[in-house]
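Number of protein chains: 2
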Amino acid sequence: MLIGAIEAGGTKIICAVGDGSGEIRAKQSIPTREPEETLQEVKAFFSAYDLDALGVGSFGPVDLNRDSGTYGTILNTPKAAWKHFNLLGRLQADYEIPVYIDTDVNAACLAEYHHGAGIDVNSCLYITVGTGIGAGLVQNGQTFQGKSHPEMGHIMVPKHGTDPFTGVCPYHGNCLEGMASGPAIEERHGRKGHLLDDHPYVWELEAHYLAHAIVTYTLVLFPERIILGGGVMKQKLLLSLIREKVSRLLNGYVDVGEMDKFITAPALDDEQGVKGAIALAAGNV
Amino acid sequence: MLIGAIEAGGTKIICAVGDGSGEIRAKQSIPTREPEETLQEVKAFFSAYDLDALGVGSFGPVDLNRDSGTYGTILNTPKAAWKHFNLLGRLQADYEIPVYIDTDVNAACLAEYHHGAGIDVNSCLYITVGTGIGAGLVQNGQTFQGKSHPEMGHIMVPKHGTDPFTGVCPYHGNCLEGMASGPAIEERHGRKGHLLDDHPYVWELEAHYLAHAIVTYTLVLFPERIILGGGVMKQKLLLSLIREKVSRLLNGYVDVGEMDKFITAPALDDEQGVKGAIALAAGNV
Ligand SMILES: Nc1ncnc2c1ncn2[C@@H]1O[C@H](COP(=O)(O)OP(=O)(O)O)[C@@H](O)[C@H]1O
Ligand SMILES: Nc1ncnc2c1ncn2[C@@H]1O[C@H](COP(=O)(O)OP(=O)(O)O)[C@@H](O)[C@H]1O
Ligand SMILES: [Zn+2]
Ligand SMILES: [Zn+2]
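For the protein sequence lines, the chains are A and B, in the order given. Heads up, the first sequence is in our numbering, so the first residue is 666 and it goes up one at a time. Heads up, the second sequence is in our numbering, so the first residue is 666 and it goes up one at a time.
Derived by calculation from the structure, the hints in this document are not laboratory data. Take these hints with a grain of salt, some might be off.
One copy or any two copies: either way a pair holds, since identical chains are not told apart in the list.
The calculated lysine-lysine pairs, modelled on DSSO-like cross-linking and capped at a C-alpha distance of 30 angstroms, are [stated by the list, open to error]: (1) K910 / K748; (2) K824 / K708; (3) K857 / K910; (4) K901 / K708; (5) K824 / K910; (6) K926 / K824; (7) K926 / K748; (8) K748 / K824; (9) K692 / K910; (10) K708 / K857; (11) K901 / K692; (12) K677 / K744.
Using the sequences and the hints given, assemble the complete structure.
Next up, the structure:
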């Protein structure tokens, strides 16, 4: 079985080929330009392989309501040419093999569940903290969605007492993404996160917002494990700060087991997206 | 097929018998005393029927982690005699038929999903606003749980700007339950909710907290429908106040469809619990 994977992001599209074992055979990164030229480059990459199925982890929001006439279509996005683009339909037409689509973060979660930091649990939540904040849940091998995929990065979180920042989310201002994404850190402190290593207050605020969100997700979803990925999590010490605050906030109210196992780093270093897209297709073929 | 149902609450236990069609054949309410005498009364009621299975919707928290050695056991509860009581084990021993257990609010949700206000959707969230606040989700006919059942009533919600109240939750103070349960209303305003009909500010606050929680649940779970039950929701106008605020807060960010259909009242008037317990067993037998 040979499976193609597409991880479609706002700046680049990663294409890969694998067989469902969790190993990648070939991989290429393509800059995200207009749909037409981008997808022609994608096709050129895959033309060397005789694929059985294609899995896609896409930036969102994307319509994942199977009852909808626009299933598999990109919804709102600042990239005008991709807005309302029928990504699934186009790929089905291009490849004439089964195509499975989910969000990028659901795909990442699925990869960690099958091959990475969630391999020993039945339910895990993957949170990415990068340019945006998003999360995906996998339960018993299935990615979770209601009417369509969740938008967990946009929940409101209690303001830190000493933080005057009003947030950068274009929709909500001070939602979690507005207060704790990479651009929020840059806007609040005037410098990108990787240049703020020696500023503990920056990470105190960051841990505050992420811990509150994690507590909410825990009370609503009660996952067995929470995996924290994305560029901002590259910041050393942030993970342990978050664990401390989550412990304090949960205060034993729900039994999450050992905190160091409950909240953890990803295991698949930046290959979650494509590995998850492969797992998505492999699980359906 | 004859199914017994137990809705176990803190003040009363309702027993019923049905056949899975959604109709109840017999029903009895028994005050919740010590486990031993209470369960003997329950047994007396069921002794007239030749049951094929038993479904239980229980107050919580109850251990619903199937991998746990204490699956089906009541966890913390102010009712000392029920704390750590193995409810599932005891019922299995008493009846020697299959017994299925879930939370009271998951059972209520299942009943509304199969026979009530959620009959036309694939996923619905049932929220009860009463002495406590709890919620249960049903997706494609299954009640949702992670490691065990969620504790959605205890999420933090942004404080209303003019509300000095510090909340009544013994664990968290000002969580949703602490700020918006029936006892929270009584403690804040010095009178029970049904005596506060003509005090719009009371319901302004109440709608504020519930609307914020509903927005969080929507972003995390994206249910197709949200059903609001429990004693406090008997307050006229509260439902429409909540709808207004949720509309304003969501601001079109996720497409929940028509607000009057998205957030709605229960259809099964106080029989959700036992009907759901029957549906739980019927779906498994
Ligand atoms: N060491 C670091 N500490 C804090 N923030 C970082 C660090 N490295 C990268 N970031 C931030 O992470 C964000 C990029 O996240 P990433 O997950 O790599 O990309 P994207 O979310 O766009 O896919 C940027 O805002 C960047 O400033
Ligand atoms: N009309 C009403 N308006 C507001 N609150 C009410 C009204 N009727 C009952 N309540 C409140 O609802 C709570 C009881 O909720 P209920 O769902 O009936 O019971 P429980 O949660 O104990 O199962 C009490 O706090 C009561 O004051
Ligand atoms: Zn937002
Ligand atoms: Zn609480």
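To see whether the hints hold, each was checked on the structure:
no.: 1; hint: K910 / K748; result: between (38 angstroms within a copy, 29 angstroms between copies)
no.: 2; hint: K824 / K708; result: neither (46 angstroms within a copy, 52 angstroms between copies)
no.: 3; hint: K857 / K910; result: within (24 angstroms within a copy, 36 angstroms between copies)
no.: 4; hint: K901 / K708; result: neither (39 angstroms within a copy, 59 angstroms between copies)
no.: 5; hint: K824 / K910; result: both (14 angstroms within a copy, 20 angstroms between copies)
no.: 6; hint: K926 / K824; result: within (27 angstroms within a copy, 32 angstroms between copies)
no.: 7; hint: K926 / K748; result: between (39 angstroms within a copy, 28 angstroms between copies)
no.: 8; hint: K748 / K824; result: neither (33 angstroms within a copy, 36 angstroms between copies)
no.: 9; hint: K692 / K910; result: neither (38 angstroms within a copy, 47 angstroms between copies)
no.: 10; hint: K708 / K857; result: neither (35 angstroms within a copy, 66 angstroms between copies)
no.: 11; hint: K901 / K692; result: within (29 angstroms within a copy, 60 angstroms between copies)
no.: 12; hint: K677 / K744; result: within (12 angstroms within a copy, 57 angstroms between copies)
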